[in-house]
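K.L.:
Residue-level listing of the chains:
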Amino acid sequence: MSEEDEVIITPSQRTVVDEVAVSVQDVCITYRTTFEKRPTLKQAVMRAGRGKRQVKTVEAVKNVSFDVPRGTVLGIIGHNGAGKSTLMRAIAGIIPPTAGRIEVTGRTSTLLALGVGFNPDLTGLENVLLGGLAAGLSKEEVETRFDEIAAFADIGDFIELPMRTYSSGMAARLAFAVSMHMDPDILLIDEALSTGDAAFKEKATAKLRELVDNSSTMLLISHALATVRSMCNEVIWLDHGQMKMRGEPDAVLDTYIEAMHVKKTAAVMNDF
Amino acid sequence: MSADAAIVGRPVQVYEPYRSGLPPLVPYVKNLWRRRHFAIELSRASMRAAHTDTVFGQLWLVINPLLNACVYFLLVNIINGGTRGPDFFTHLIAGLFVFNFLQNSLTQGAESVTKGGKLVLNTSFPLLLLPYATMRTSFYRFLPSMGIYAVLFAGLEYFGPRTQKCNAAGACVDLNTLHFSWIQLLAIPVFAFIWLYVAGLTTFMAALTVYFRDTTQFLPYATRIWLYLSPVLYYADQMKPWMTKFEMFNPLYPILGLWGDVIARGQLPHASWWIATVAWGLGSFAVGTLYFLSRERDFAVRL
Ligand SMILES: Nc1ncnc2c1ncn2[C@@H]1O[C@H](COP(=O)(O)OP(=O)(O)O)[C@@H](O)[C@H]1O
Ligand SMILES: [Mg+2]
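Protein chains in written order, with our numbering: chain L, 1 to 272; chain X, 1 to 303.
One or more hints might be untrue.
As the list claims (entries may be wrong) - Covered stretches of chain X (chain L as the covering partner; in silico rule of three or more C-beta atoms under 8 Å from a C-beta of chain L):
{"hint": "1", "stretch": "27–37"}
{"hint": "2", "stretch": "115–125"}
As the list claims (entries may be wrong) - Here are a few chain X residues that sit away from chain L, every Cβ distance over 10 Å (derived from the structure):
{"hint": "3", "residue": "Val14"}
{"hint": "4", "residue": "Glu16"}
{"hint": "5", "residue": "Ala45"}
{"hint": "6", "residue": "Asp53"}
{"hint": "7", "residue": "Phe56"}
{"hint": "8", "residue": "Asn64"}
{"hint": "9", "residue": "Asn68"}
{"hint": "10", "residue": "Asp87"}
{"hint": "11", "residue": "Leu156"}
{"hint": "12", "residue": "Tyr211"}
{"hint": "13", "residue": "Phe218"}
{"hint": "14", "residue": "Pro251"}
{"hint": "15", "residue": "Pro269"}
{"hint": "16", "residue": "Tyr291"}
No wet-lab data here; the hints were simulated from the structure.
Predicted, not measured: the structure shown is a model, and the values here were computed from it.
Just so you know, even glycine gets a beta-carbon here, dropped at the ideal spot from N, CA and C.
Produce the complete structure using the sequences and hints provided.
P.N.:
As structure tokens, then:
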């Protein structure tokens, strides 16, 4: 450390430093929610009469620890409900951990399953601007990227129209274009490659590959195991909120695929 | 590691469980200020979407509260046998315009977080910006109504009926019923406290709506009842003494009383109304903000 203090590191030389971009330390995340999808006062009043309120506790992430060095592309795999999205949203600072600590060095950009476009009455560009401002960029920073984003999303004049006029594929294109062009230090991607048509998927994959080759830091959740295998330097396997395995993509993926097959047959024998 | 980060100039964020019920306030406020342009742009964009920025949109912002006020004036005047003069009209519109501000802020603001949907789910930012954006919008909708108020007041002062005032010696002078007074400038600081009061209520409702999505259905009824219980359609001193006793529970009683005295009658009201308005303003702002902040980390999970 004392030696390093002497060295002046400029951003362009950052890959030289073996720096930790994301440090997840013994993190637990517990959800406490009621069953109601859309809680209302009416329900609460009716429930008060019966005097019970069903609360469900879900331990979505249990004692997970890992470090992601800068320049690593980390794949996160696991069954539906394993806690992948929960973990990623905690790293993005959206939901706080119930226990443990997460340190993130640098600005993150999220491409989560839900995409951009929070307000369907506003145009694509307005949504892009608002998303950027919320993420902490300045208005100028977002506006200088408008052309690139519009060109990459390639949705033509729709970019000037309210987002309620978009197809889900168009919204996904825009979301992808935005997160790629925000120049984040750390890119968080949650199952976002599965949307869009074949042509766009190809374009998106090419763009991601470019980022991978430029040794960007990335966390990638995907069910496309082939994508994970080809893009990631490292893979984490989450199983019911716990880290089951971590290592080289080939090793983890092979074990994962094998376990899935075993489980499938076990399920057939035990569960029914 | 942190030394490296400092050299390269990247921010280090630490996410830990909240120890107390509140996020650390100083960094929160700094962050809020840094991202204020989000609230400004959101407010602008939603005004654009509602065509508030077009000529007809602007015109509607002027006509709508005026029509509203005329309807109430007619109604009240008919009930009272046509005895109401211009002084009552100014009292009525001054109160109604502020009440509209409160109602707009509450109804729009209550939905601000739940409407934030995907942005709340996908981005980490101070969510207090969402109700603040609607507060900005409703303030910009309120401003033109103050313009109308000034024009109407000036018109009624000039063309309105005159009353004769006679002294003991029998010498009489014609006086305008209405006249401008420097006291009316006090409306600006009074409105600042009204803003604080409404902002507190709005943030409170924004948080509450996450837990009870149907609050927006009850709000129109609640606000209308509140309007009828407040001295807008009548004067505070018209109320029966037993009614005034209950008015200590109605924050709008001193607040609108003060507002009406200052801006419509140009007279200095009792100190108790000043104290009550300041107290309700600061109290509501503090309680609303603290409730919102104590719940905020839950929103991304509940939406
Ligand atoms: N908002 C929420 N409220 C309550 N439980 C949730 C919520 N989001 C996710 N969960 C639960 O947490 C667990 C992990 O979910 P998630 O992180 O979405 O899994 P994955 O992305 O790996 O499919 C699941 O059991 C899910 O039911
Ligand atoms: Mg998921």
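K.L.:
For each hint given before, does the structure comply? Return the numbers of the non-compliant ones in rising order.
P.N.:
3, 4, 5, 12 and 13
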